[in-house]
Amino acid sequence: MRLTELPLRQPAYVDLVDWSVLSLSEGQRLREFGLCEGASVEALHHGGIFGNGPIACKVGRMTIAMRRSHAAAITVRTDAQEDAA
Amino acid sequence: MSALPLVALVGNPNAGKSALFNALTGARQKLGNYPGVTVERKAGRLSLSDGRPVELVDLPGTYSLDPGSPDEQVTRDFVLGKQAGEKLPDALVVVVDASNLDNHLRFALELIALGLPTIVSLNMVDLATRDGLELDAGVLSRELGVPVIPTVAVRKRGLDHLRGELETVLGQMGVVRPSLPTRDFDAVRHEARRIARAAIVRETPSRRLTAAVDRVALHPVFGLALLLGLMFVMFQAVYAWSEAPIAMIEGLAEMLSNAVTGALPPGILRSFLVDGVINGVGSVVVFLPQILILFFFILMLEATGYMVRAAFLMDGVMAKVGLSGRAFIPLLSSFACAIPGIMATRTISDPKDRLTTILIAPLMTCSARLPVYTMIIGAFIPARAVGPGIGLQGLVLFTLYVSGIVGAMIVALVLRMTVTKGKSGGFLMEMPKYQWPRPQDILLGLWQRAVIFLKRAGTIIFTSTVILWLLLSFPRVPDGDPTSQVDHSIAGRIASGLNVVLEPIGFNRDISLALIPAMAAREVAVSALATVYSIDAGDDEAKLEQSLGDRLKDQWPLPTALAFLAWFVFAPQCISTIAVTKRETNGWKWPMFMVGYLFVLAYVAAGLTYWTATAAGL
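Protein chains in written order, with the working numbering: chain A, 1 to 85; chain B, 1 to 618.
Bear in mind the hints are in silico, worked out from the structure with no lab data behind them. Here the structure is a predicted model, which is why all the values come from computation and not from measurement. Beta carbons: idealized from backbone N, C-alpha and C, even for Gly. Everything hinted at is true.
If the Cβ cut is set under 7 Å, some of the chain A residues that face chain B in the computed set are: (1) 26; (2) 29; (3) 32; (4) 34; (5) 47; (6) 49; (7) 53; (8) 63; (9) 64; (10) 70.
Result set (DSS-like, lysine-lysine): computed pairs, CA atoms no more than 30 Å apart in a straight line: (11) B/423 x B/582; (12) B/423 x A/58; (13) B/320 x A/58; (14) B/421 x B/320; (15) B/156 x B/42.
So the derived label-pair ranges between C-beta atoms look like this: (16) B/382 x A/1: 55 to 61 Å; (17) B/385 x A/51: 35 to 41 Å; (18) B/437 x A/8: 26 to 32 Å; (19) A/77 x B/419: 40 to 46 Å; (20) A/11 x B/66: 26 to 32 Å; (21) A/51 x B/164: 48 to 54 Å; (22) B/190 x A/50: 37 to 43 Å; (23) A/19 x B/244: 55 to 61 Å; (24) A/79 x B/70: 40 to 46 Å; (25) B/251 x A/9: 54 to 60 Å; (26) A/8 x B/204: 18 to 24 Å; (27) A/51 x B/204: 29 to 35 Å; (28) B/190 x A/11: 17 to 23 Å; (29) B/202 x A/79: 24 to 30 Å.
Given only the sequences and the hints, what does the whole structure look like? Please build it.
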């Protein structure tokens with residue numbers, strides 16, 4: 001499922017990131033935040049009164065905020081274990 | 001600079017770098033700029049245990065050596081010894097957040113790979129403990145191959161140890177030619193993760209303060225209510241807390257003025273000192289308490305980590321006018337002053353987002369406008385309560401701030417559909433943990449602001465007040481001539497000319513007069529009016545006794561006062577703002593555009609206010 005659909009406070013792992021949706025600098029920033037395939041991720045808050053604002057999520061030990069359009073480019077899975085690497 | 005050993009403090013944003021810098025250098029700091037770029041250079045002195053001084057530079061926080069903004073470029077060039085005018089640092093102190101090791105170690109590894117003598121400060125270990133994380137600095141040091149010192153900058157813990165290690169690494173200096181590491185990003189990331197795992201002794205999930213607070217602070221409804229509440233308290237406090245200190249400053253100015261009046265015979269010199277210097281400069285200095293209260297709130301919001309939450313809450317609204325929530329931070333800083341606000345837009349990567357933010361920054365009510373607002377409100381708006389804890393004066397002030405914000409949003413929307421048309425950039429930010437700031441850090445920030453303000457009062461404001469006094473005092477009215485001194489003076493004649501344009505929107509000659517020097521710095525409008533009325537009063541004892549507010553109340557109809565307030569909501573900004581806009585946008589095109597549109601808005605807003613108020617019979 002996409003990160004936008006992940007229920008709040010349910011631990012998950014990043015399965016796939018569609019880097020082509022993100023600009024070069026946005027992609028780099030996300031990687032610097034530690035968000036890449038295999039990273040643990042947990043959605044914490046959905047902003048905006050109608051749930052259309054940005055999403056705050058925990059990536060590893062860091063909390064980051066991103067727009068829904070970016071979160072939609074991130075596929076997550078909730079079943080498997082974190083990648084060893 | 002000097003032959004002092006040069007040590008650079010470097011690390012991720014939110015690693016507690018600035019707090020460590022303050023704790024190590026105390027108040028011995030020098031703020032400047034790197035040549036050619038508008039990036040602030042923060043340097044200070046640190047004494048080693050044997051008393052040897054070391055120059056410590058606090059580099060802009062960055063996530064990697066792959067720069068995404070001018071700030072980050074400076075950090076990279078500095079550690080490579082390529083920053084113009086700077087020598088290669090003799091050592092690096094890499095600051096990492098103990099509770100975010102995975103991430104911060106990756107950048108630390110990049111920096112260690114440069115080959116410079118390096119120490120790692122494992123900062124904010126107390127917060128890591130609070131979150132149930134126990135770390136082994138020894139393991140970390142072994143894995144990284146450099147000394148690792150646990151520190152808590154805000155509690156001054158570990159600082160002596162850090163100084164000691166610094167002494168050791170500086171003692172064994174060799175010649176190093178740093179070069180950019182070539183290792184693959186993912187390889188370094190995996191290495192960082194492995195080391196972080198190895199260093200963690202125990203990890204017990206505990207109740208996390210930040211998560212608990214965020215449940216309220218980021219809530220779509222309660223969070224927004226909290227933000228609005230905070231803003232409202234901030235603007236009420238500007239009034240409520242400042243009464244006593246203002247009375248003190250006013251008392252002091254009066255004492256000085258009386259002393260000079262008593263000591264000198266009536267004449268030009270006395271008029272210059274009393275009307276020009278004491279009344280002019282004094283009428284601006286009196287606002288220092290209010291400006292400091294405003295800065296206090298902004299510094300607190302930044303230091304506690306709340307500012308990013310505000311950006312998160314505002315992203316939805318900002319997106320609607322084509323901006324990012326990130327723009328909220330420079331815009332909120334612009335409430336203190338548009339100059340740091342405009343400089344803070346450098347963190348916005350999208351060029352059109354950034355330009356739009358720069359263009360609307362002057363619409364945020366800066367602290368220099370506060371003297372104008374408070375003087376007019378104090379004189380014309382009755383100090384009565386309109387609800388429990390809500391004063392009418394505070395409410396009017398709040399309305400003025402809101403008008404600026406609403407104006408800015410509309411302007412942004414229009415700009416995004418016309419001159420800065422294009423796809424909107426994104427919103428991607430780290431949300432730091434909440435932290436209670438060290439009182440000394442806040443006090444230091446306030447002290448630096450107070451010095452800047454008093455320097456302005458002593459230079460720009462003093463100079464423009466003196467020039468205005470000269471223009472108002474000459475030529476002298478011949479004895480027996482019934483025209484007033486102000487009407488007869490050079491300034492009076494210039495203002496009468498300008499008044500032809502400004503009269504339709506309810507401005508009188510004195511306002512026209514005050515608006516010219518207000519271009520130098522907005523608060524000069526107040527000192528200018530003080531000087532005008534002081535000279536106008538001449539030797540009339542009764543008039544001289546009156547405060548500026550009372551005099552305005554006698555001479556201005558209410559619609560004029562309201563129009564004057566409306567003018568200042570959009571007031572064409574000061575020269576310094578124009579200069580910084582020129583520098584940040586590389587040319588005259590955008591600053592000229594900004595001045596133009598602000599003039600038009602100010603004129604229309606003042607006009608509408610005046611005509612409406614007059615029609616309503618106020």
